[in-house]
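So the chains spell out like this:
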Amino acid sequence: MHTLSLKELSDGLKARRFSSRELTRHYLDRIGAHDRALNSYITVTAERALAQADAADARLAAGEAGALTGIPLAQKDIFCTAGVRTSCGSKMLDKFVAPYDATIVRKLDGAGMVMLGKANMDEFAMGSSNETSFYGPVKNPWDLERVPGGSSGGSVAAVAAGLAPVATATDTGGSIRQPAALTNLTGIKPTYGRVSRYGMIAFASSLDQAGVVARSAQDAALVLQAMSGFDPLDSTSVERPVDDYSGALGKSLKGLRIGLPKEYFAEGLDPGARACIEAAVKVYEGLGASVREVSLPNAPLSVPTYYVVAPAEASSNLARFDGVRYGHRAEGVHTLEELYKRSRGEGFGAEVQRRIMIGTYVLSHGYYDAYYLKAQKVRRLIYDDFRRAFGEVDLVLGPTAQSVAFKLGDKTDDPVAMYLNDIYTIAANLAGIPAMSLPCGFHQGLPVGMQLMGNFFDEARMLNAAHQYQQATDFHRQWPKGFE
Amino acid sequence: MSLSPEQVKQVAHLARLSLPPEKVGPYATQLSNILQMVDQLSGASTDQVPPMAHPLEMVQRLRADAVSEENRREAFQAIAPAVENGVYLVPRVIE
Numbered sequence: 001m002h003t004l005s006l007k008e009l010s011d012g013l014k015a016r017r018f019s020s021r022e023l024t025r026h027y028l029d030r031i032g033a034h035d036r037a038l039n040s041y042i043t044v045t046a047e048r049a050l051a052q053a054d055a056a057d058a059r060l061a062a063g064e065a066g067a068l069t070g071i072p073l074a075q076k077d078i079f080c081t082a083g084v085r086t087s088c089g090s091k092m093l094d095k096f097v098a099p100y101d102a103t104i105v106r107k108l109d110g111a112g113m114v115m116l117g118k119a120n121m122d123e124f125a126m127g128s129s130n131e132t133s134f135y136g137p138v139k140n141p142w143d144l145e146r147v148p149g150g151s152s153g154g155s156v157a158a159v160a161a162g163l164a165p166v167a168t169a170t171d172t173g174g175s176i177r178q179p180a181a182l183t184n185l186t187g188i189k190p191t192y193g194r195v196s197r198y199g200m201i202a203f204a205s206s207l208d209q210a211g212v213v214a215r216s217a218q219d220a221a222l223v224l225q226a227m228s229g230f231d232p233l234d235s236t237s238v239e240r241p242v243d244d245y246s247g248a249l250g251k252s253l254k255g256l257r258i259g260l261p262k263e264y265f266a267e268g269l270d271p272g273a274r275a276c277i278e279a280a281v282k283v284y285e286g287l288g289a290s291v292r293e294v295s296l297p298n299a300p301l302s303v304p305t306y307y308v309v310a311p312a313e314a315s316s317n318l319a320r321f322d323g324v325r326y327g328h329r330a331e332g333v334h335t336l337e338e339l340y341k342r343s344r345g346e347g348f349g350a351e352v353q354r355r356i357m358i359g360t361y362v363l364s365h366g367y368y369d370a371y372y373l374k375a376q377k378v379r380r381l382i383y384d385d386f387r388r389a390f391g392e393v394d395l396v397l398g399p400t401a402q403s404v405a406f407k408l409g410d411k412t413d414d415p416v417a418m419y420l421n422d423i424y425t426i427a428a429n430l431a432g433i434p435a436m437s438l439p440c441g442f443h444q445g446l447p448v449g450m451q452l453m454g455n456f457f458d459e460a461r462m463l464n465a466a467h468q469y470q471q472a473t474d475f476h477r478q479w480p481k482g483f484e
Numbered sequence: 001m002s003l004s005p006e007q008v009k010q011v012a013h014l015a016r017l018s019l020p021p022e023k024v025g026p027y028a029t030q031l032s033n034i035l036q037m038v039d040q041l042s043g044a045s046t047d048q049v050p051p052m053a054h055p056l057e058m059v060q061r062l063r064a065d066a067v068s069e070e071n072r073r074e075a076f077q078a079i080a081p082a083v084e085n086g087v088y089l090v091p092r093v094i095e
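Those sequence lines, one after another, are chains A and D.
Residues in the first sequence are numbered from 1 upward in steps of one, following the working numbering.
Residues in the second sequence are numbered from 1 upward in steps of one, following the working numbering.
Check before you lean on any hint, since a few could be wrong.
Some chain D residues flagged as far from chain A (calculated, every beta-carbon gap over 10 Å) [claimed, not checked]:
no., residue
1, Pro21
2, Ser42
3, Asn85
4, Pro91
In silico EDC-like cross-links for lysine to aspartate or glutamate, where the CA-CA straight-line distance does not exceed 16 Å [as the list claims (entries may be wrong)]:
no., chain 1, residue 1, chain 2, residue 2
5, D, Lys23, A, Glu285
6, A, Lys377, D, Asp39
7, D, Lys23, D, Asp39
8, A, Lys107, A, Asp234
9, A, Lys377, D, Glu6
10, D, Lys9, A, Glu337
11, A, Lys262, A, Asp234
12, A, Lys377, D, Glu57
13, D, Lys23, A, Glu351
14, A, Lys14, A, Asp54
15, A, Lys262, A, Asp54
16, A, Lys254, A, Glu285
17, A, Lys91, A, Glu331
18, D, Lys23, A, Glu346
19, A, Lys251, A, Asp413
20, D, Lys23, A, Asp234
21, D, Lys9, A, Glu338
Don't read these hints as lab results, they were simulated from the structure.
C-beta: ideal position from N, C-alpha, C; glycine also.
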């Protein structure tokens, strides 16, 4: 059952070939059998899942089921789930049981989906390898000695290994797309403001966006549809109707204009990954798309811009963790200042502390103009590059990551080397545009992903371009050995 | 730009983070490396470029001036590390 698409699962449930309880039990059994090796879940919510499955079966029996009713999923542990621990991968929130549901949790529960558990992640979504989690690293199902990417490493490992048919994820600088690329999945980060951030623990509020990791564009379209839409509880939610993503998946690509940013094919891209992406470009030409070079001249400044903007916002957002209202509290302290400092010193891991300190520094008196204001100006240059590009082309195509998954521990001592993992993904967050990664081949037996970037609110066109490519290729159908 | 161990201690104080002494040196090196990478920005020409704080040029939405949230004091205090009689406990700040 775990090799079926969401559409096939839904058809099977509606035809009563299997019940949601049987399907849920199947996934819980697979988690029990395989997750010791992967560590993709922080919390498995078996009882809650079976209760949701029974409710879904009742809806199915009553003929009241939607496209996702009875289908299990994993929720990234960054989304608040009422009554269930929501850790954000941090010791700070190890004992935090959320008092309310995130909007997307409420929506997906409402659609009748069954939450199997909370997926592992880098602490506060800060990382590109899932090695900063308080709950230990996640392993890549394609090679257990390698990282799955981050920060949504648990979400991708669970879906790639068939321990969930689909998972939610979040992307502040590439945290959906880079791990999707490293595990042979399809992951989409929609336009900023398309999916509610209410109840999604904040990292960098002008960049954070929720999305999906799935085994095909078709699956991703179904779940993204259910997550998207205006939410009055999120002050940056966009009041704009949601396109019909699944309905857009049949269109021919004849006449589609694809741009290849020359800066994304410069030095640094692994030749093995480059070959896969160039072959994908040929597939698109065969499907009727026209391809031309475009330029995003300021894209090489994405990483330094991000490492000012994101830590600045993070240092402000994470100021709420004070040891008083919720989260970790240090023992045996005698002053309020000591309570703050020790609670935060003990509760946050090293990467989170580094980013809080960088953010505090770049916002401090005397450095604000040189760092924060400067980064905001360069952010506009990056945004303007995309506006120009989308005047010439419909979609931009390039690599998602510089190479295939690297080994656990390879980059943990060198933050700057780790940050460069997101060199191709960060620009979309800075600009706010939608972007996705999809499988486009293998190099040394490991998956390679390509990235599509679209204009604001052009998710439907992007998903269709991914879907058409997946009709012409079968990379996305490959399974890691031992998890078939 | 590089940060000295003394500057790291000062930034940690501003961020209300206690750092064990043995971590100050490694943090100074790592944070300096990050700031050196960030220094690439100084080469970008940004005269007349307005800063961009947010990807959507939106203004704050207004709502009717009416109560929309119910009081959930008990639910929120139930997850606090230390409360008593409906208030959050902290170390004494007034002698």
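Hint by hint, which ones does the structure fall short of? 2, 4, 5, 7, 9, 11, 15, 19, 20
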